[in-house]
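J.: Sequence:
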Amino acid sequence: MLKVSKPGSADFLSGGGEMGDLTRAYDWSASPLGEPGTWPQSLRTAVRIALNTNHPIFIFWGPDLIQFYNDAYRQTMGPERHPSALGQRGRDCWAEIWPIIGPQIEQVMSGGGATWHEKQLVPTTRHGKLEQIYWTYSYSPIDEDDGIGGVLVVCQDVTRDVVAAEALREREAELARVQQIGRIGGLEVDLRTGFRNRRSPEYLLIHGLPPDAAQEPHEEWVQRVHPEDREAAEEKFRAAIAGDVREYSVQYRIIRPSDGEVRWISVKSTIERDENGKATRLVGAHSDVTEQVVADQALRQSEAEFRTLAEALPHHVWTATPDGSLNWFNPRVHEYAGSRIGELDGEKWGKIVHPDDMSGAHAAWTGAIADGKPYEIEFRLRRADGAFRWFLARAVPARNEQGQIIRWIGTNTDVHDQKLIADQLAELNATLAQRVEEKTRERDRIWNVSQDLLLVFDRNGVWQTVNPAWTRTLGWSAAELLNRTAEWLEHPDDGGITRKQFNKLAECETTIRFESRFRHKDGSYRWLWWTGVSDRDHNYAVARDVTADKAAAERLKATEEALLQSQKMEAVGQLTGGIAHDFNNLLTGIVGSLDLMQTRLNQGRTDNVARYINAAMTSANRAAALTHRLLAFARRQPLIPKSVDANALVVSLEDLLRRTIGETIDLEITAAQDLWGTLCDPNQLESALLNLAINARDAMPDGGRLVIATSNARLDSAAANTLSSGEYICIAVTDTGVGMSPEVAGRAFDPFFTTKPIGQGTGLGLSMIYGFARQSNGHVTIDSRVGQGTSVRLYLPRHHGDIDTGQASEVRATEHAATGETVLVVEDEPVVRAVILEMLGEQGYRTLQAVDGPSGLKILRSGARIDLLVTDVGLPGMNGRQLADQARETRPDLRILFITGYAESVAIADGFLQPGMEMITKPFDLDSLSRRIRGMVSG
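Counting from 1, position 61 in the sequence shown corresponds to residue 102 in our numbering; the numbering is continuous, with no gaps.
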């Protein structure tokens, strides 16, 4: 009888996965063990340990060897025993292997102690078939009070390991036999701790080493390598180990220690690597290939001599393998066929054989290969220009000492001329009349079906033959066209171009190409594109009707122009909207101030009038500045170009720039040595640089660094992009500010585009700079990165003239009091004319006035004294510049001051401002005008 403990809890069966569930669900009351709560403590402990471990464990308990097992062991069982083995008697469950395990279990249960079995073969039926399973396991006693209650089985299925080890032993034995038979030496290098070597006996024999050198150190192998190969072999070995390759092959010479002979060794190896790619083991095969290398060298020498001879021959020379695959051609073949090396090898040579000759050539070649007899045949080969020529091909087999064919050597001899002469003579005699008739029919078919207009005419331009396409295209019959020249068909506006070109063709006998219009019979005209050639007696021309092509081109052009006009109107709409917005703001300031001033004056009050006047003047000056920026953007501002030293100009602005950007921003000016001069308006350049500095300041609210650098730049056609290639100076303004996104940078030059808050920027600063640069035959670029800053580069063309030392200074005339000088004012705008005349009168000048160019010219041609001509450039009819030119015909020393508000022709126009001429831009204040006039009169 089993000893049982007091009833207790079955909590020890908790957990255990699937087997835990099955154990808890099993009806143990019907088994010899009874309810789990009554089991002995040693069994309870063993079962709990088994269920909750991941290692395979099996338990036999009691005299009946009742069975328990866990999830890990269940994985080794087939459906024949799981889950029926749970609670089953051991002998009943394992009857087929009981002769093996029964005595072992009996030994433990009888107190004979634990057993250990390694790689024990236990043939077991699993999944319906008998499997040869190897186990490593131990049987350990489970104590119960004063005896042995059961057996704890800790086991592991090692079948795979045993099978793999056995296969490895068999492979190693087989490899050793193969190495011995094939004289291949094996090498194994452990790379985990240096270069620990293990060499096979055959390796030692190949390398001439004694048997005790099986673990020769790496350094001794290096010393055994031939001195001329040593460095390269060692370097390649170490590079393969350090790299990521898994296959390593090399060939080198050794000096064999056993006899001092130089032997060639061929090595092929595999490199094993760990999960990190580090080399851990190298397994290689070494073979002595000295005889093969020597034979190859002799063969290469023989091949070189043969090819040298073959390449020197003027004929085609080629070789083929014993099975007839062509594998080499001398340069004459490639020169003839226009092919590259390798393009005719193998079956590809057939692509230059004439299709009609291919089957015969192939049959003859196949027969020669089969019989081993010389090959001879005639066929045509295609030349590089597409022409075919006849060749006589001959080939003979080259044999070795055993009489085996080792290659075919062949030649092709050009027999084209001889064959053609023979064939042509025979054919000429047999088919002369027939060929003439066929050629005539062929020419007639081409002549009749051609869509092009074909024409034959004589040296005098008289048409002699036309094809039917003329009637289909122009409607005129052949009878109406022949025996006439081309004039009666030509469009009157073409000026007889067809006859002229035909005459030219007759004179010089060259090819001509031209276009002209010919009249259709219905009165319309067709565009014809001509090409013509001349021979000794006749001229030949081909005309093609391109009327539809020209109409299509015109439609495409009209469509493109309509699209461009649409885009222009959209841009104009955006521009005018922005202008209207800004000018409404400025006019509000002007009109409001004037209204308040008028109200105060009507009330008889003069207090605050000065403030209103200042407010109106401020708005007016802002409007003038806006106008200047618009003109700059439109590239219509009047510029006064001078030869400028950009370095001096930038340096002169340093104090102003430092005051403008503030103390939180570091300013650095880098002036290039030997900077070229440039031709531009220095005042506009100063304004552009100041604008860029202000933009940079706004982009660095927390401070930063601003660099202004000058340099010379040579732009070629690839780098110039929107500029003409040539020499430029470059002024780069670079900040460390917030930068711009690509989208914002792409619109930076658009008028009225600004990222500043409303009221803090007009959006015309960069567009003004762009306009100034383009108007000065230069360009401006932006390179910006968000969070890194912006660099604006201003390119201006190089100027070779002398530098103007007074470039950026305003005209400051010496004080001069008017002493009755006479000024003629020509201005079509009454208000502007009246204001100028009144100012001049107050200054003490005598004044004359005219409303347009002709009336002003009339005064100038009179005998009246005139010291200065003040004229608007944009006068109706005769403009200001035309008036000035005619005035100087009678008054060559007359000083002239131009007034302009929109002067396209003035913009850096060469020769516009001649000596004694100056320009002032509307709107201007009267003080500026007065100073300019005083300066010119007193000058």
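Among the clues, some could well be false.
Straight-line alpha carbon distances no greater than 25 Å define the calculated SDA-like cross-link-like pairs of lysine to any residue that follow [unchecked claim]: (1) K389 / R314; (2) K541 / A593; (3) K541 / R486; (4) K389 / S328; (5) K963 / T888; (6) K389 / D329; (7) K170 / R212; (8) K562 / D586; (9) K562 / G502; (10) K963 / G828; (11) K277 / R314; (12) K963 / H457; (13) K389 / E352; (14) K170 / G152; (15) K160 / D186; (16) K170 / A208.
Source of the hints: derived by calculation from the structure; they are not laboratory data. Bear in mind that the values here come from a model prediction, so they are computed numbers and not experimental data.
J.: What hints, given by number in increasing order, does this structure fail?
T.: 1, 2, 3, 4, 6, 7, 10, 12, 14, 15
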